[in-house]
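Enquirer: Listed below, chain by chain, are the residues.
Protein chains: 2
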Amino acid sequence: MENQMQEKASKAKAASVLLANVSTDAKDKALEAMAQALEKNKQIIFDANQKDLDAAAAMIEKGDMSAALYDRLKLSDAKFKDMVSGIRDVAKLEDPVGKTLSTLVLDDGLTLYQVSCPIGVIGVIFEARPDVVPQVMSLCLKSGNATIFKGGSEAKNSNRALFDVLTDAMKTIPEIPVGAFQLAESREDVAEMLKLDQYIDLLIPRGSNDFVKYIQDNTRISVLGHTSGICHAYVAESANLDTAYTVCLDSKIQYPAACNAIETLLVDDKIAEKFLPEMCRIYQNNGVELRFDDASYKIAEAAGIPDLKKAADEDWDTEYNDLILSIKIVGNVDEAIEHINKHGSHHTDVILSTDQKEIDKFAGLVDSSSVMINASSRFADGFRYGKGAEVGISTNKIHSRGPVGMEGLMIYKYILSGSGHVVKDYVGDSAKPYKHEKTQEKYCRLQ
Amino acid sequence: MENQMQEKASKAKAASVLLANVSTDAKDKALEAMAQALEKNKQIIFDANQKDLDAAAAMIEKGDMSAALYDRLKLSDAKFKDMVSGIRDVAKLEDPVGKTLSTLVLDDGLTLYQVSCPIGVIGVIFEARPDVVPQVMSLCLKSGNATIFKGGSEAKNSNRALFDVLTDAMKTIPEIPVGAFQLAESREDVAEMLKLDQYIDLLIPRGSNDFVKYIQDNTRISVLGHTSGICHAYVAESANLDTAYTVCLDSKIQYPAACNAIETLLVDDKIAEKFLPEMCRIYQNNGVELRFDDASYKIAEAAGIPDLKKAADEDWDTEYNDLILSIKIVGNVDEAIEHINKHGSHHTDVILSTDQKEIDKFAGLVDSSSVMINASSRFADGFRYGKGAEVGISTNKIHSRGPVGMEGLMIYKYILSGSGHVVKDYVGDSAKPYKHEKTQEKYCRLQ
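Chains as they are written, first to last, in the working numbering: chain A, 1 to 447; chain B, 1 to 447.
Careful: at least some of the hints might be erroneous.
Copies of the same chain are indistinguishable here, so a pair counts whether it falls within one copy or spans any two.
[What the hints assert, rightly or not] Lysine to aspartate or glutamate pairs mimicking DMTMM-like chemistry, simulated, CA-CA at most 25 Å apart: (1) Lys-11 to Asp-168; (2) Lys-357 to Asp-322; (3) Lys-397 to Asp-217; (4) Lys-99 to Asp-334; (5) Lys-435 to Asp-381; (6) Lys-432 to Asp-82.
Worth flagging that the hints you see were computed from the coordinates, not collected in a lab.
Based on the sequences and whatever the hints tell you, model everything.
Expert: Structure below.
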């Protein structure tokens with residue numbers, strides 16, 4: 001197994017250098033060929049998916065698979081249409097490779113260009129969703145990154161069919177190097193992939209919190225992702241109450257299973273009696289179970305809110321992923337910030353306020369990848385952030401943070417162009433000075 | 001020990017949120033206070049350094065320390081002056097915090113700002129050089145990053161004296177949060193630091209290759225650095241020979257112990273007989289030991305070059321850090337690229353050529369952080385690249401690559417400003433469309 005996985009990774013690495021230099025035109029042609037191949041081979045893909053579904057149905061009967069997983073596994077006509085249009089959307093995105101990010105004249109005839117380039121080899125490890133294959137493959141192709149896919153065994157046939165159709169289509173464009181995309185299929189492959197830091201430059205795990213955490217804990221390779229989304233909304237004294245009702249409701253119920261839904265509502269004690277009873281009624285009318293701290297419990301009780309439940313200590317650190325919300329009273333914005341930085345997951349947090357000074361403090365001191373001012377936490381998403389396509393949401397503090405688009409798959413190299421310039425002329429007593437003049441000149445390569 | 005280290009890290013983490021929001025003015029005042037405090041307390045610092053030097057002298061006598069390490073440890077008047085002016089140089093650098101990196105109007109009144117912010121807590125682990133303390137502390141302060149220093153025990157007294165003088169000076173500026181900078185002193189602290197991924201966001205090790213490799217292998221925290229510098233120069237058939245002689249010499253001998261000095265010279269076989277004999281003479285006149293592959297050996301032998309030595313297989317993977325160079329003949333630029341990507345350390349590689357097509361191929365396909373075109377490898381350096389100060393040289397493929405300045409200590413957060421905007425209005429059959437219009441508007445906070 002190790003040798004097989006290593007061989008795949010080594011092939012991807014070798015192809016990655018070539019893929020990094022393929023022209024935009026060839027990449028876009030390959031993407032169109034991929035979209036057409038999917039359309040042409042729809043039946044093959046659905047047949048393969050049916051095999052996976054049959055096996056999954058047997059597992060559900062034995063209690064070994066959830067209905068939710070079955071839904072994610074199942075290809076529909078709508079999902080298939082989205083797959084195809086998703087590939088064409090990526091073809092429309094600007095090519096991120098070879099952009100001159102900065103240019104600095106060090107001295108006459110000695111110019112330093114910082115030029116964007118792909119990271120190299122991306123490892124994508126994902127669970128049931130077969131739609132990950134076309135989505136990630138198109139993003140990685142356009143950004144010039146070789147990719148190793150490892151899908152869940154429950155989607156084995158679907159993944160293989162999609163992978164074969166897509167890579168066969170790519171082969172019709174001779175500029176695309178063979179071997180840039182690899183599919184790993186055995187269960188042991190995951191453990192092997194995690195060891196291959198000499199070949200794989202970045203891992204993108206997609207799946208449950210536990211799954212991502214397992215990956216993070218067992219590899220030296222950089223991981224782009226997030227393990228949990230414990231998001232908050234804080235309602236300040238100065239909040240516009242109608243805005244607060246609307247935003248706090250949407251942040252919880254618009255899609256409660258998403259990582260960017262809120263789990264805890266923090267309310268300033270000076271507004272709590274005015275705001276909280278109506279907010280509780282709105283939540284309860286929308287089927288949200290509420291868990292109160294002592295202070296908010298009293299307010300809710302006095303207002304005659306039914307079905308009161310106290311929050312336990314662990315509630316403040318829990319991602320419900322469900323129609324459940326914990327509620328806590330805080331003394332001011334500082335207490336809210338402290339609670340969020342301590343209990344949150346540095347993902348997305350919301351302030352409802354009309355006081356600019358307070359808003360600035362919250363936006364500055366809350367250490368999260370997205371801070372929402374009078375807007376729903378649910379906006380924290382690659383598509384909504386205008387990225388065209390989302391690679392993932394990162395709670396890392398380096399490289400990429402928050403919703404990550406194709407830019408998260410890019411790095412840069414420095415190209416210094418001279419005509420015999422040597423360092424010895426720039427050191428010592430008669431050292432020439434550096435000019436260090438920024439210019440707008442672009443690095444141009446012949447093509 | 002664990003509790004003490006954890007406590008320091010926890011204090012730094014708590015202070016980091018505040019430090020991220022300190023005004024430019026307060027940070028620059030603190031830097032000036034630090035520079036003045038160094039000048040005022042020069043004697044205290046030299047006395048502490050003398051203690052370390054006395055202990056080091058005893059170790060040298062016992063053969064437990066090298067003379068080179070002693071030199072790095074020793075503060076001189078010149079080094080001290082550089083320390084002080086280095087702090088004032090950082091004060092002059094533009095504040096990298098709070099820059100609006102991009103602005104996107106998602107819809108009327110709903111604007112997404114991407115704003116630069118510090119990474120958080122940096123862990124700096126370094127060997128003998130006490131001058132690391134003021135240099136890194138000033139960079140981290142200006143960039144708003146809390147920092148934990150762990151220096152080598154051989155510089156214990158110097159580090160403590162510098163750390164105390166500098167942090168005392170900072171305390172005169174009330175806006176700087178206490179506890180943002182921490183000094184760890186015991187040997188066990190390194191192992192503890194490596195475990196503290198809940199507090200430390202980035203590690204910057206400075207020291208030998210083995211030291212950096214040890215850090216990389218024993219932590220989940222992201223590491224900025226490089227373990228080795230196996231750099232190459234490739235002389236193409238089209239090379240201007242005078243340029244090639246000059247650049248290849250400087251790349252080797254200008255400072256052979258540096259990571260950006262070349263270790264291997266690759267020569268196109270079509271130019272080798274013309275180029276190599278004179279190049280060998282130049283190298284030998286400058287004290288460089290040469291190790292030849294079979295083909296270059298024959299050419300050198302035929303030209304009557306003395307002291308011929310064959311390169312062994314391991315030479316191609318060796319960083320000599322010394323006046324030694326291995327030489328190999330290659331058939332064309334493709335073979336050169338293949339050799340470099342296989343044996344190099346993705347650090348810095350040079351092409352000598354006048355053929356633009358060949359240069360483009362080399363610059364595109366060599367997978368290194370710096371590619372030099374007709375210029376010395378020794379230019380790959382933060383100061384020479386105009387960064388004002390160098391945090392390190394990175395061979396990572398994510399976040400920062402090549403010589404890294406203060407920008408390597410930065411990340412960003414997204415701030416979405418709305419007025420009650422909710423996601424439910426943008427989904428479903430009657431979904432409002434997103435505008436996704438880029439603007440030049442900056443995120444402004446009151447101050």
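Enquirer: With reference to the structure, classify each hint as holding or not holding.
Expert: Okay, the hints, checked on the actual structure:
| no. | hint | result |
| --- | --- | --- |
| 1 | Lys-11 to Asp-168 | within (17 Å within a copy, 56 Å between copies) |
| 2 | Lys-357 to Asp-322 | neither (33 Å within a copy, 58 Å between copies) |
| 3 | Lys-397 to Asp-217 | both (17 Å within a copy, 20 Å between copies) |
| 4 | Lys-99 to Asp-334 | between (42 Å within a copy, 24 Å between copies) |
| 5 | Lys-435 to Asp-381 | between (43 Å within a copy, 15 Å between copies) |
| 6 | Lys-432 to Asp-82 | between (59 Å within a copy, 19 Å between copies) |
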